[in-house]
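Going line by line, the protein sequences match chains A and B.
The numbering of the first sequence is my numbering, which starts it at 1 and goes up by one.
The numbering of the second sequence is my numbering, which starts it at 258 and goes up by one.
No lab work stands behind these hints: they were computed from the structure.
Where chain A lies over chain B, by a calculated footprint (3+ residues, C-beta under 8 Å):
#1 331–344
#2 359–371
Sample of chain B residues with no beta-carbon within 12 Å of chain A, all distances over it, derived:
#3 Leu287
#4 Gly382
#5 Leu424
#6 Ala479
#7 Lys491
#8 Glu516
The calculated lysine-lysine pairs, modelled on DSS-like cross-linking and capped at a C-alpha distance of 30 Å, are:
#9 Lys392(B) / Lys10(A)
#10 Lys475(B) / Lys513(B)
#11 Lys255(A) / Lys392(B)
#12 Lys255(A) / Lys245(A)
#13 Lys255(A) / Lys93(A)
#14 Lys392(B) / Lys245(A)
Where is the CB? At the ideal position from N, CA and C, for every residue including glycine.
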Amino acid sequence: MRPLEPTTSKQRVAYGLAFFVLFVALWSWATFGGHVSKTFLANPLTMVQEGYELLAKQGFLFDIGMTIWRVIGGFVLAAVIAVPLGVLMGAYKPIEAFLEPFVSFARYLPASAFIPLLILWAGIGELQKLLVIFIGAVFQIILMVAVTVGATRRDLVEAAYTLGARDRGIIRRVLLPSAAPEIAEILRLVLGWAWTYVIVAELIGSSSGIGHMITDSQALLNTGQIIFGIIVIGLIGLISDFLFKAFNAWLFPWKLA
Amino acid sequence: MTALRIDQVSRTFPARAGNVPTRALEPTTLDVGDNDFVTILGPSGCGKSTLLRIIAGLDRPTSGRVTLDGREVTGPGADRGMVFQSYTLFPWLTVRENIAFGLRERGVAQAERHDIADAFIRRVGLSGFENHWPKQLSGGMQQRTAIARALANDPKILLLDEPFGALDNQTRALMQEMLLGIWERDQKTVLFVTHDIEEAIFLGSRVIVMSARPGRIKAEIAVDLPHPRSYKIKTTPEFVALKERLVEEIRTEALKVAEQA
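Just chain A, same shape as in the assembly (with noise of 0.2 Å):
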């Protein structure tokens, strides 16, 4: 090894793999060596069997499902109304100075905290869930967003001008174009984020979902299956966040290129 050196691929995924190898070992090693006890951490075994008997018996899969749409759901509302007003933060610096104090420092209050006044408002149905997600996301999108469209390089905007474009052209295919695929990372990220408001808001007052399986076992003790609802969390964002990244990479080959 020395400092910077590339690895080759093949071994980059050697390593990744090993890791989660030690992981296990040493987790096997803890569990069925009898060095924790079994009320405190289930060993791999039986997190793999109880994973089994959610799945088949016990309609985990709906929950899944039901956390999956409740995140898309909340992260597509956030982005729909945080993009624009990003963008338009950015480009345009009176409304920047108009929204971006409040903005700031909504973005300061965590969405977990709602969780009481949203039950309140919204009862524990589905609206609920959305809302903490929203709240979560809808301040940090436009915060990100309104940034990268203001670092938008000058020089490019100034060409622009002086090849006749009008403040439209300017927004639409100069400072949208330049910022598109920061923009899609930016979602990459919050998407990541939104994962771990949507157990908090399913651990309290839902009847569905991976964070209400979650809570069950809790009261059963049954150590295993929440490990497994934890691991099926991490799978599951691991998995979209390789999608997402394949999508930006193929909307944006001028940047791989």
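Given the coordinates of chain A, assemble chain B onto it according to the supplied hints.
Frame of chain A, contents of chain B only:
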């Protein structure tokens, strides 16, 4: 006939916290006729880029005014094409789409846009690169595309702000010949800013020498070398004589800058 008239144009940048205002450009007057090729030569920080940006409408003069064909310049527009020193191709557009950008803004139909763009691609010798992204091009190729992009818009005047400043010497020489060839063939009003003496003589019909900050026109020297010019002209006695004279002019200014620093 005068196409571009720069009338007593000056620029002072307002004071920044604790500093005095910077006088970048003294009141400057200059007329550029139709199809003239004027080069503006000066040391860095002499306000030559500021002057060009004011003509382009990207900056406002503190006093004075710029008129093009009798109409006052109040902002940037397609009638003044500009090529920048930095690489300003739109990275998300291909070479062809970059060159067609201005046409698209004017609402020219796609088929016609492509025809015009392809004609300019051939003109600057980039055939085969129509669908390349700017990232895949060398610096010289990017600037050739930028020149084609400005020309495709058919501007009344072409403004070039040290367009070859970041290129290596050999590429730069080839680019100069290419630009001059286009001008000799198409006839265009050109204002070319540079700090390279040889470049200023080789390209220009007149060389305007600017003084160190605050910038003002120090001398104007006609270049009576015949057209078409080839690179070989750079070693003729006439060329060398002009160069000697300009070296003296510029050296005095460069020394002033060095003393100020």
